[in-house]
Amino acid sequence: MTEYALILISTVLVNNFVLVKFLGLCPFMGVSKRFETALGMGLATTFVMTLSSVCTWLVEAYVLLPLGIEYLRTIAYILVIAAVVQFTETVMHRQSPVLYQVLGIFLPLITTNCAVLGVAILNTQQGHTLAESAVYGFGAAVGFSLVLILFAGIRERVTVADVPRPFQGSAVAMITAGLMSLAFMGFAGLVSR
Amino acid sequence: MSSAVLTAILAMTTLAAVLGLLLGYSAIRFRVEGDPIADQIDALLAQSQCGQCGYPGCRPYAEAVAKGEAAINKCIPGGEATARALADLLGREPEPLETEVQAPKVALIDDQACIGCTLCVQSCPVDAIVGAAKQLHGVLAAECTGCGLCLAPCPVACIRMVPVGSDLAHWRWPAPTERLAA
Amino acid sequence: MSVTNPESEHGQSRLWTFHGGLHLPDEKALSNDQPIEPLRLPPLLVIPLRQHIGAPARPGVRVGDQVRKGQVIGTADGYVSAAVHASSSGTVIAIEERRIPHPSGLPAPCVVIATDGQDAWAPLPAPLTDYPHLDPALLRERVHWAGVVGLGGGAFPTSVKLRSERHIETLIINGAECEPYITCDDRLMRERSVQVLEGARIIRTLLGAERVLIGIEDNKPAAIAALSAALADTGPDTHIRIIPVPTRYPSGGERQLIRILTGREVPTRGLPAQIGVACQNVATTAAVADAVLLGRPLITRVVTVTGRAVARPGNLAVPIGTPLSHLVAHCGGFRETPRRLLCGGPMMGFALSDLEIPITKAFNCLLALTAAEAPDPGPALACIRCGRCAEVCPVRLLPQQLYWHARAKAFDRAQGYNLFDCIECGCCAQVCPSHIPLVQYYRFAKNAIWAHEEERRKADQARARHQARQARLERLEQERQSKLRKKREILDDTTAATVPGQVADGDLDARRALIEAAKQRAAAKKAAAQSRIEPVDQG
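Chains as they are written, first to last, in the numbering used here: chain A, 128 to 320; chain B, 13 to 194; chain C, 278 to 816.
With the rest of the complex left out, here is chain A:
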């Protein structure tokens, strides 16, 4: 039990995928202008990451290893992730068409989100069991969502504030992200891993 709690704390805070590992920066910068979109994106990514962690583990265990085709790992994982993302897109288009429209191109871009593939490959590298993989994927996504939502909240306030002209827009967003990353460094050492 503590093993899973440690995995969660590690992935959400200590080794946060966005601010410490610097994976998944594309949607982090691109979908964080409004709080509602950030929330929607976070939920979508959580669904994708958790499901694909499980599916890739299964593929690794029952297809790649028995057949000895571990060298096809990257391709196989991408295939699985792409399918999961497409499935998520289809469901979202039905359930929340506005969110689907708003997320736009960033929804299929979850496929190429290095954080998703990163989670899958890290699971394999660290030799997690199925349950551990699922928790790892879920924790990574929660960390991603947390940072995305925090960033969206800050960006919304910064947008309406008196930002000097040279800094308006992406510049102040980058500075904010850097400062957040510094802040998350404070969690280092919380979990020895």
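Be a bit skeptical, because a hint or two may be false.
[As the list claims (entries may be wrong)] Just a few of them, taken from the derived set where beta-carbon distance is under 10 Å, the chain C residues facing chain A:
#, residue
1, Ala659
2, Cys660
3, Arg662
4, Arg665
5, Gln678
6, Trp681
7, His682
8, Ala685
9, Ala687
10, Arg720
Simulated from the structure, these hints should not be mistaken for lab results.
Everything numeric in this text was worked out from a predicted model, so none of it was measured.
In this text, a Cβ means the ideal position worked out from N, Cα and C, and glycines have one as well.
Put chains B and C on the given structure of chain A with help from the hints.
For chains B and C alone, kept in the frame of chain A given last:
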């Protein structure tokens, strides 16, 4: 071909096929009917059916925006507020309107000149003009959206647009002007 | 919900506090020792038809009519509306747009009366001195006839406010008068305490309330004493209690006073009636007493003319419709040109541009401030996010967030921070170290949201009409098509029926015959019409 390569190809093909089947099933199961986006866009438009956006009515413009064919800043009667609301809805950058927003107007028929031809009655997209053949026509100011479509059909040019909204009932507190210190 | 208001052994009521608020220098000494003076009749009375929240009154007189004092000159139009009366006798010389006290400076329809100096009363309805035994509806009808509106500044038609579906158990009479400079309610409580108490009793009867709490700020000891004496004189009345409250702005705000006296809070965007409380200003209460016990409509009010720019500040009993210049002249004119001329107090008042505008029912104070009293704060600086505004907000809002969002025109976000609960008291703007005109931003945002909602409503209506029109046109088209189809069918049937057995040629002949017959009928009609017209042409 060695059996290793064959195994690899077979495994990937099978994997792809299985995933493809699942996706196909989900596409049918979660099919989306109609165009809910267009409905939501239409709900934000001013509904004057004036055609100033370049589309024959508000619904066609809404559908064009939903498809991504039209810019979001074309609705003139809706003004800045509508362009901003559309930007918020669709998660795009708000764009300023291309033309100047004019003061809201309603149509007024000169009762001395009207000949009762009913051409304007038929042209109004919201049935805001009442009148019968050879009877005086009148504009219901409360329903008139100011689209101006009745001006052209009138053979005696007895309709003109008068500004509304400059009286006490329509007065609004203005936005404070910022005289920021240097 | 039962009301608990535990008393200590000394008979003191428990008081609660509200969050925030400010201690302001009350400047009441300028005018609070001046008894209410009657004002000489002005030559012209300009009486706006809308001096209340709701629909304007419909004019009940015509230009040239002779009117008497207290005569109805405008009838209430609809449920939320109030009547308007002539403040003195004279002739109606115009019903036209005139400038009125309003921040926009725009004109509104007014009845202009040239006074004849007689001040003759119109016949008034009978006093209802037996009100405890009368139907409350009758009393409400009298208050409605008298055109009584909230005289504390809200100007909401009182008869509507006194009609509540919910049971009211506590009636609060607002004698707080928390805004600096204003002393009209103070003097009213001192000089017309009996009327105030009678009005409270009448309203209590109307509402069926269990108890009446009269809240007065403790910077008005004379008013508290006067009302207490009047209460003692007019017989033991355990239902009415006079309660001094600590002086703090804005304790006279309806919701704040309710909180202080009962400890309960009115729900967001709700009404006091929802928690069983009703609140009336002391002047409104006195006006209700006049309406019920004397049969007099609301045609005068007490106005404080103050500020150091005025030569002799004082409190005047002013006929509604009197131009401001008349009041200023009565008070000795201006000692110096005022830097700011306000309708109302320094916190919630608005600037006036000229002195020919009339006194209306809601006009409680004419404030002429010198440059020393109202220094120019200079241009607004940037918000430094100090948070002082949130510390003083009596409604516990976040003025800083409201400011940022109103400024960025992100109105849905502003509404999310409960913009519509803002009472525009001005505490936040008063303490802002950057002198940002915060309340102006909130007013702008509120108006923009209302305008937007109105536009949406109109757009929805237009859409519905457009769709109905499309449906109608489609239906007409379908009817036309089906008619055409039926006609064709009949035509086919007829040809088939009249010439049985014969096919091609017969059909053609039969059709030709029908067409010929139709042509002949048309020609006959035309000939008949011609023969009717010709005699007229020749005549």
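Here's how the hints hold up against the structure:
no.: 1; hint: Ala659; in the structure: 5 Å, holds
no.: 2; hint: Cys660; in the structure: 8 Å, holds
no.: 3; hint: Arg662; in the structure: 9 Å, holds
no.: 4; hint: Arg665; in the structure: 18 Å, violated
no.: 5; hint: Gln678; in the structure: 9 Å, holds
no.: 6; hint: Trp681; in the structure: 5 Å, holds
no.: 7; hint: His682; in the structure: 7 Å, holds
no.: 8; hint: Ala685; in the structure: 4 Å, holds
no.: 9; hint: Ala687; in the structure: 7 Å, holds
no.: 10; hint: Arg720; in the structure: 19 Å, violated
Hints 4, 10 from the earlier list are contradicted by this structure; the remaining hints agree with it.
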